[in-house]
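S.K.: Take the sequences, apply the hints, and build the full model.
Single-letter residue listing:
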Amino acid sequence: MKFIKHIAAATAALTFAAPVFAEYPEKPINFIVGFRAGGGSDAAARILAAELEAQLGQKVIVENKGGAGGAVAAQYIMGQKPDGYTIGFAVNTTFSYTPTTGSVPYGIDDLDYIATTHGYRVVYTAPKDAPFDDWAGMIATAKERGWINYASIIPLDRAVIQYVGKKEDIAVNIVPTRGGSAARQAVLGGHVDLGFSGSNALPMYEDGAMKIIASMNPGGISEHPEIPTLETLGYDVIMNDAAVFFGPKDMDADARAKLEAALAEAVKSEAFLDFVNNKFRGVERYLTGAETKAALQADAAVYIEMNKVIAE
Amino acid sequence: MDVIIAAFLDALSLTTFLSVIAGVLIGIVIGAIPGLNAPMAMAVAIPLTFTMAPLAAIGMLVGVMKGGGFGGAIGAILLNTPGEPHSAATTLDGHPMARAGKPRRALQTALYSSVAGDTCSDLVLILLAPTLAIYALKAGPVELSAILIISLTLIASLSGRSLAKGIFAAALGAFLATVGIDPETASPRFTFGYIELFDGLPLAAVAIGVLAVPEIIERLREGRTHRPTRDVVTMSDGADRMPFREWLSLKVPVLRGAGIGTTIGAMPGLGTTLAAFLSYSATKRFSKEPEKLGTGAPEGIAATESANSAVSGANLIPLLTLGIPGNLTAALLVGAFLIHGVTPGPLIFERDAQLVYGLFAAMIMANVLVLVLGSLGLRLFALIVKVPPYLIYPIVLLLCVVGIYVSQGGFFAVWLMLGFAALGWFMLKLEISVVCFIIGLVLGPMIELSIRQSVILLSRNPMAIFDHPFAMVLVALTPAVAWVLVRDRQRLSDG
Amino acid sequence: MSNAPKHPAKSTLAGFTQDFYLGLAIVVFGALLLLWIIPAQVNDAGSFGLPPSLAPKALAWVMIICGAVIAVQNLRATPGGRDLVLSEVVFLGACLLAVGLTLVIMGLAGQAFDRPNAGFMVGAPLGLIAFTFLHSRTPVWAYAFNAIVAPVVIIAAFWWGLELPLP
Numbered sequence: 000m001k002f003i004k005h006i007a008a009a010t011a012a013l014t015f016a017a018p019v020f021a022e023y024p025e026k027p028i029n030f031i032v033g034f035r036a037g038g039g040s041d042a043a044a045r046i047l048a049a050e051l052e053a054q055l056g057q058k059v060i061v062e063n064k065g066g067a068g069g070a071v072a073a074q075y076i077m078g079q080k081p082d083g084y085t086i087g088f089a090v091n092t093t094f095s096y097t098p099t100t101g102s103v104p105y106g107i108d109d110l111d112y113i114a115t116t117h118g119y120r121v122v123y124t125a126p127k128d129a130p131f132d133d134w135a136g137m138i139a140t141a142k143e144r145g146w147i148n149y150a151s152i153i154p155l156d157r158a159v160i161q162y163v164g165k166k167e168d169i170a171v172n173i174v175p176t177r178g179g180s181a182a183r184q185a186v187l188g189g190h191v192d193l194g195f196s197g198s199n200a201l202p203m204y205e206d207g208a209m210k211i212i213a214s215m216n217p218g219g220i221s222e223h224p225e226i227p228t229l230e231t232l233g234y235d236v237i238m239n240d241a242a243v244f245f246g247p248k249d250m251d252a253d254a255r256a257k258l259e260a261a262l263a264e265a266v267k268s269e270a271f272l273d274f275v276n277n278k279f280r281g282v283e284r285y286l287t288g289a290e291t292k293a294a295l296q297a298d299a300a301v302y303i304e305m306n307k308v309i310a311e
Numbered sequence: 000m001d002v003i004i005a006a007f008l009d010a011l012s013l014t015t016f017l018s019v020i021a022g023v024l025i026g027i028v029i030g031a032i033p034g035l036n037a038p039m040a041m042a043v044a045i046p047l048t049f050t051m052a053p054l055a056a057i058g059m060l061v062g063v064m065k066g067g068g069f070g071g072a073i074g075a076i077l078l079n080t081p082g083e084p085h086s087a088a089t090t091l092d093g094h095p096m097a098r099a100g101k102p103r104r105a106l107q108t109a110l111y112s113s114v115a116g117d118t119c120s121d122l123v124l125i126l127l128a129p130t131l132a133i134y135a136l137k138a139g140p141v142e143l144s145a146i147l148i149i150s151l152t153l154i155a156s157l158s159g160r161s162l163a164k165g166i167f168a169a170a171l172g173a174f175l176a177t178v179g180i181d182p183e184t185a186s187p188r189f190t191f192g193y194i195e196l197f198d199g200l201p202l203a204a205v206a207i208g209v210l211a212v213p214e215i216i217e218r219l220r221e222g223r224t225h226r227p228t229r230d231v232v233t234m235s236d237g238a239d240r241m242p243f244r245e246w247l248s249l250k251v252p253v254l255r256g257a258g259i260g261t262t263i264g265a266m267p268g269l270g271t272t273l274a275a276f277l278s279y280s281a282t283k284r285f286s287k288e289p290e291k292l293g294t295g296a297p298e299g300i301a302a303t304e305s306a307n308s309a310v311s312g313a314n315l316i317p318l319l320t321l322g323i324p325g326n327l328t329a330a331l332l333v334g335a336f337l338i339h340g341v342t343p344g345p346l347i348f349e350r351d352a353q354l355v356y357g358l359f360a361a362m363i364m365a366n367v368l369v370l371v372l373g374s375l376g377l378r379l380f381a382l383i384v385k386v387p388p389y390l391i392y393p394i395v396l397l398l399c400v401v402g403i404y405v406s407q408g409g410f411f412a413v414w415l416m417l418g419f420a421a422l423g424w425f426m427l428k429l430e431i432s433v434v435c436f437i438i439g440l441v442l443g444p445m446i447e448l449s450i451r452q453s454v455i456l457l458s459r460n461p462m463a464i465f466d467h468p469f470a471m472v473l474v475a476l477t478p479a480v481a482w483v484l485v486r487d488r489q490r491l492s493d494g
Numbered sequence: 000m001s002n003a004p005k006h007p008a009k010s011t012l013a014g015f016t017q018d019f020y021l022g023l024a025i026v027v028f029g030a031l032l033l034l035w036i037i038p039a040q041v042n043d044a045g046s047f048g049l050p051p052s053l054a055p056k057a058l059a060w061v062m063i064i065c066g067a068v069i070a071v072q073n074l075r076a077t078p079g080g081r082d083l084v085l086s087e088v089v090f091l092g093a094c095l096l097a098v099g100l101t102l103v104i105m106g107l108a109g110q111a112f113d114r115p116n117a118g119f120m121v122g123a124p125l126g127l128i129a130f131t132f133l134h135s136r137t138p139v140w141a142y143a144f145n146a147i148v149a150p151v152v153i154i155a156a157f158w159w160g161l162e163l164p165l166p
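Respectively, the protein sequence lines represent chains W, P and S. Numbered according to numbering that gives the first Met the number 0, the first sequence spans residues 0 to 311. Numbered according to numbering that gives the first Met the number 0, the second sequence spans residues 0 to 494. Numbered according to numbering that gives the first Met the number 0, the third sequence spans residues 0 to 166.
If you are wondering where the hints come from, they were derived from the structure by calculation, not from laboratory data. It is possible that some hints are incorrect.
What the hints assert, rightly or not - Derived SDA-like pairs: lysine to any residue, alpha-carbon spacing no greater than 25 Å straight-line: (1) W/K127 / P/I464; (2) S/K56 / P/F191; (3) W/K80 / S/A111; (4) P/K385 / S/V152.
M.R.: Here is the structure:
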């Protein structure tokens, strides 16, 4: 036990002595990724972590704490020291939508935001032999037949289509699926009329394997301007998903600013741009911490309105 | 044709060759570590491939996938630590065989069967992928429900001495699998306020908890209560070997496993665990000495390992042609494809022909490498059994803790593992089939989801059920299958 | 369940067997699920297909039926089957306690020392000593090996080899 006391004494001495003369960061940064290892979000996080390491000159230790769409990581970060040595990575909706469902112990104000680094794109897909080619056709089909089958992946896309169903007065038969590939499978196999998908559907659309009749993210799909967005179709909802770096509430201001500046540079790196544009097929979107928080609050207001309409 | 030759030359380049070797090694090592598994090996390897050329990168990951499959078998056989639920089927005969002093025999059986199953399904993939994919796509929720229900009936024969206890175990497993966010209403079920449970119980933690930890505890206890029995007989190397000729006598279970694995792998949504246990129960049903299965019979290992591995090859059929992965490892592979700018889809054979044929060549190469590296390592792996128990079991226990911590991202899963260890221990002592529990845990939620999907799809238009003749036939056959199995059971217990 | 073995010393004696009590315990467990846990933990609102509580309820009924069958089948003492032994249950408790304490120590040490792998460096050797002690009849060198060499190898493999952070 003496040994442990020695270590404790030594470590304590280090931590107390440090702020006097050292500049952030003077030790490795723990970087908690809110998704399981190996996926697209994780890949982006790791590329950015490598860039951060280069910018800050300190090791960035990537640790995956996946679960509940980033909420597990958010909850974990909430309980950490706000010294800037523990930061997290999740998505917009982890903070803007998930808390509105009342199932998580945090809200937008319980965390600090460092930056938004890139945006996700989400679309409505339909089988290639579907009896409609566009959004209006889909609504017409639904009205004529009385219902439409829809493959859903996450609670938010389910809520959005319920909202659309209410607005258009059509019955949407929501078929729950586990994960993007299962929903894609249902669409490709023609088991449903409509499905939710991330950017993975874009190459299939380009190959003619499926139709894409609308996009949900603001701004739409730049390389396919023919695809309308929910906004241009006249709905007041969006699905604004983007990757967010965040930290515990009341984070050390100096550390937060340094991280924000480093990320502003990191998102301009060639490796990251190539990943976002060509591999991940997301959108370049950088927001500062303050902008991120404002965006989250604006989105949350939209989702709360949407939840009200659905509950009516 | 030129494309194919060019592709094979690509695959034979030194870089590709070395990356496949590295992949296979990473897969074997990480797959064998208690608590880690093939998806974890994949996740570790993916960042390494960021800077590599596409073929080398994908070749490496395919190597990881195949190496990881065999690595999982090593842990399952030698230490009873299945990293994924499907490896639980390998422990059934593999671990008793290793404990009976034949670890190398068990590993060799697993290795040869695994490579054979893999090669069979790779050949099917290479020759028939586009055609098969179109058929596989026709299986929607209704068909999947029917297939799962009849499979569950077939697997019920694994329930051990008491059918009631077996069914109870499966029901308990299926019940625990309902923990998490309900897929339809998005409201939490049995999460008791823990958001860590929203995605359900972590399967690796549960599998290690109920299967491996109780086994370790029992081994530790033996060290306390009686003189070391040295059940691990130090045999001369000659007796602990599986001559290739002898392995050939297992060709029936191996081929059946390969067939089952390939079929199930080609249909996304069913998964490796189903294939492994179906193949195992089929082998038990048709075995001349069914009572030997579960006590260390090589057929048992051959049946499960060939089926497991066949799934991983056949998984690439829907993966390449439709971008739909069949299991977690394959899902990570899709991600890696996208990272390297390869988009799976119907046009992949036209757009990325050279790469796809290069991948096929790399797959065959990976199979050969698993065989070669596995054989070279066998002697080394088998030594694990000779390590004194007071060294190996404490370390394996710690590895289970660390492995689950790392792969599941935190202590929460480790505490769950500990809780499930207590459950598994009581199940072991009370002779409640842990295998049935695992089957219920994995298949239960699949059945629930596919039935609920079918109900939603048919709710507005019940007559559409007649569009699914295949499913109707299967459902109609289920009682007959159940009757035959019950009759078998009675005959066995009478005889 | 752990109390069950006290009743029948040997399953061939008159009286109820352990499995009879197991069956009863399962029935009670199933009833508990149906009457208390399922209503408290599942919310059926918002479903339009089969309700989320259907599968758990059905499975609870299956468990109750199986438990009843097990109990009835074992009304009469049947030969075979091992009984729980109290000392074994105690040993299980000791093992679980050892692992649990190791986890607590790892967690606390990980928080106390702001360094990567600190929790593991403190907790793993202590845990390994405890696990090794559970085995008894262990030569002293094995303690040293487990407490020093094994954690070092694991750190080397996970941290430097695979770049996976430990607690």
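S.K.: Mind checking the alpha carbons of P/K385 and S/V152 for me, to see if they're no more than 25 Å apart?
M.R.: holds, 19 Å
S.K.: With a cut-off of 25 Å on the C-alpha distance, tell me whether W/K127 and P/I464 pass.
M.R.: holds, 23 Å
S.K.: Is the Cα-Cα distance between S/K56 and P/F191 25 Å or less?
M.R.: Given that 25 Å is the threshold and the Cα spacing comes to 17 Å, the pair holds.
S.K.: Starting from W/K80, check that the Cα of S/A111 is at most 25 Å away, please.
M.R.: holds, 12 Å
Every hint, counting from the list given before, is met by this structure.
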